[in-house]
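Student: Protein chains in written order, with the working numbering: chain P, 1 to 215; chain S, 1 to 166.
The hints are simulated quantities; they were obtained by calculation from the structure and are not laboratory data.
Do not rely on the hints blindly, as some may be mistaken.
Here are the simulated DSSO-like cross-link-like pairs (lysine-lysine), alpha carbons at most 27 Å apart as the crow flies [to be verified]:
1. Lys196(P) to Lys110(S)
2. Lys196(P) to Lys16(P)
3. Lys45(S) to Lys206(P)
4. Lys110(S) to Lys180(P)
5. Lys110(S) to Lys184(P)
6. Lys201(P) to Lys45(S)
7. Lys184(P) to Lys45(S)
8. Lys47(P) to Lys34(S)
9. Lys206(P) to Lys34(S)
10. Lys206(P) to Lys110(S)
11. Lys117(S) to Lys208(P)
12. Lys201(P) to Lys110(S)
13. Lys208(P) to Lys148(S)
14. Lys110(S) to Lys208(P)
15. Lys180(P) to Lys201(P)
16. Lys208(P) to Lys45(S)
17. Lys16(P) to Lys110(S)
18. Lys45(S) to Lys16(P)
19. Lys206(P) to Lys117(S)
20. Lys47(P) to Lys45(S)
21. Lys196(P) to Lys45(S)
22. Lys148(S) to Lys117(S)
23. Lys206(P) to Lys148(S)
24. Lys143(P) to Lys184(P)
25. Lys16(P) to Lys34(S)
26. Lys184(P) to Lys148(S)
27. Lys34(S) to Lys208(P)
Label pairs and their computed distance ranges (CB to CB) [stated by the list, open to error]:
28. Thr7(P) to Asp67(S): 47 to 55 Å
29. Ser58(P) to Cys9(S): 29 to 37 Å
30. Phe129(S) to Pro34(P): 30 to 38 Å
31. Gln159(S) to Arg30(P): 46 to 54 Å
32. Gly19(P) to Phe129(S): 29 to 37 Å
33. Lys206(P) to Ala166(S): 49 to 57 Å
34. Thr7(P) to Gln160(S): 42 to 50 Å
35. Asp41(P) to Gln159(S): 43 to 51 Å
36. Ala21(S) to Lys206(P): 24 to 32 Å
To give a feel for the contact side, a few chain S residues facing chain P, derived at Cβ under 8 Å [to be verified]:
37. Ile18
38. Glu22
39. Lys45
40. Gly78
Just so you know, these numbers come straight off a predicted model, no measurement behind them.
No residue lacks a Cβ here, since even glycine has one placed at the ideal position from N, Cα and C.
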Amino acid sequence: MKRYPGTIALICGSPKQTGSSSAAVLDRLREKLPEKTPITDIHIAAKLTAENAELLKSCDTLLFAFPLYVDGIPGHLLRALMQLEPLMRSEQRVYGIINCGFFEGRQCQTAARILENWAARSSCNYMGAIGLGTGGMLTLFDKYGEGPLKPIETRLTALVADIISGQTIGFEHTQASLPKIVYKLAVEMNWRRSAKRNGLKSADLKRKPLPPSRQ
Amino acid sequence: MRIIVHDLCSPEWQAANIPVAEQDVIVSDDGTLKNCIGCFGCWVKTPGICVIHDGYQHMGAYLGTADTLLLISRNCCGSQSPFVKSVLDRSIGYIHPNFRTINGEMHHRKRFSNTLKLHAIFYGDQTDFEKNTAEALVQAQAVNLAAKSVKVDFIDTLQQLSGVIA
Ligand SMILES: Cc1cc2nc3c(=O)[nH]c(=O)nc-3n(C[C@H](O)[C@H](O)[C@H](O)COP(=O)(O)O)c2cc1C
Chain P
1 MKRYPGTIAL ICGSPKQTGS SSAAVLDRLR EKLPEKTPIT DIHIAAKLTA
51 ENAELLKSCD TLLFAFPLYV DGIPGHLLRA LMQLEPLMRS EQRVYGIINC
101 GFFEGRQCQT AARILENWAA RSSCNYMGAI GLGTGGMLTL FDKYGEGPLK
151 PIETRLTALV ADIISGQTIG FEHTQASLPK IVYKLAVEMN WRRSAKRNGL
201 KSADLKRKPL PPSRQ
Chain S
1 MRIIVHDLCS PEWQAANIPV AEQDVIVSDD GTLKNCIGCF GCWVKTPGIC
51 VIHDGYQHMG AYLGTADTLL LISRNCCGSQ SPFVKSVLDR SIGYIHPNFR
101 TINGEMHHRK RFSNTLKLHA IFYGDQTDFE KNTAEALVQA QAVNLAAKSV
151 KVDFIDTLQQ LSGVIA
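Given these sequences and hints, build the entire structure.
Tutor: Dropping the structure here:
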């Protein structure tokens with residue numbers, strides 16, 4: 001008889017050392033897992049270490065949480081996946097949680113397909129992925145978990161149930177419940193604030209620098 | 001002017017015999033490329049230029065002066081290979097952080113006034129599903145780069161390369 005989910009690897013694939021949306025989503029998910037679930041936490045921020053490769057080999061369920069980069073998987077994580085490919089075992093199960101900065105979670109679908117193709121090449125079991133839009137808000141569960149982030153909470157709760165029972169999920173997507181224009185204005189205000197903190201004016205965000213050979 | 005990003009090793013590149021104009025910029029793997037660290041410094045610190053100074057920080061600016069972006073990459077599970085993908089990740093200074101709506105979906109505004117022709121060539125052992133995924137990936141990337149045209153080719157061997165490059 002198969003035992004689900006076995007040891008779960010919660011893999012953060014964001015290159016950010018701290019404060020990533022991927023890590024925040026994994027933290028929320030961790031709280032929803034049954035208390036005694038064996039968990040291995042792994043952060044692939046740059047190169048895959050030999051130690052992490054060994055750890056991943058030994059886990060039963062691999063949950064990759066990562067940001068969408070240029071419509072696909074971030075380059076460093078892709079490199080790590082290529083290195084892991086020959087090490088994977090056929091009993092291992094793979095899930096993905098992909099978050100993106102745009103509003104619509106469905107924009108993560110191609111990255112989910114890349115993960116699925118990787119699982120096929122690694123001959124392990126692809127169980128599906130969820131795509132989360134409004135990535136810029138996903139570190140704010142404490143503030144908005146009962147408000148705009150409720151759809152994400154609900155999706156994560158369902159994902160935990162599926163992981164526990166060994167269900168496949170295909171590709172599911174959602175995003176925070178707020179008007180798109182509100183999300184757009186809030187994120188754009190954040191860019192201007194960050195620019196100011198760096199000593200720039202709002203107009204500087206439009207700079208058109210020349211490359212070295214054309215200066 | 002073309003920006004050609006490729007993951008071929010030196011002998012493969014030589015053997016491919018791709019006609020290159022003097023003003024074309026060739027971006028290849030010299031082993032020094034660092035991965036994007038997700039800091040958005042290329043938008044809010046030094047707009048248009050990446051803050052990691054490893055020789056690849058001007059990708060956004062180069063794209064701003066180009067008419068064609070040619071990507072030559074092994075098909076890795078339906079994606080560009082880690083090197084080519086990391087170069088693309090390091091290139092988002094080409095676009096502006098603010099948003100606009102295209103086909104009902106959120107995307108970025110343009111920073112530069114040029115529009116690119118995007119041509120992606122995938123080589124290597126690739127399944128139909130991986131080809132379909134790569135096609136979908138490049139189409140989505142073309143929207144985000146505001147490209148005016150997009151072409152995707154799949155080849156089995158590098159001998160076919162020069163045949164698909166106009
Ligand atoms: C290099 C780079 C490329 C990105 N490309 C996309 C993209 O194609 N679509 C999108 O919606 N968001 C894109 N984003 C935004 C990230 O997906 C978003 O900020 C995400 O919430 C970051 O997650 P993290 O905090 O877990 O790293 C990109 C960000 C970076 C740094």
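Student: Output the numbers, in ascending order, of every earlier hint that fails for this structure.
Tutor: Hints 33, 37, 38 are the ones this structure does not satisfy, whereas the remaining hints hold.
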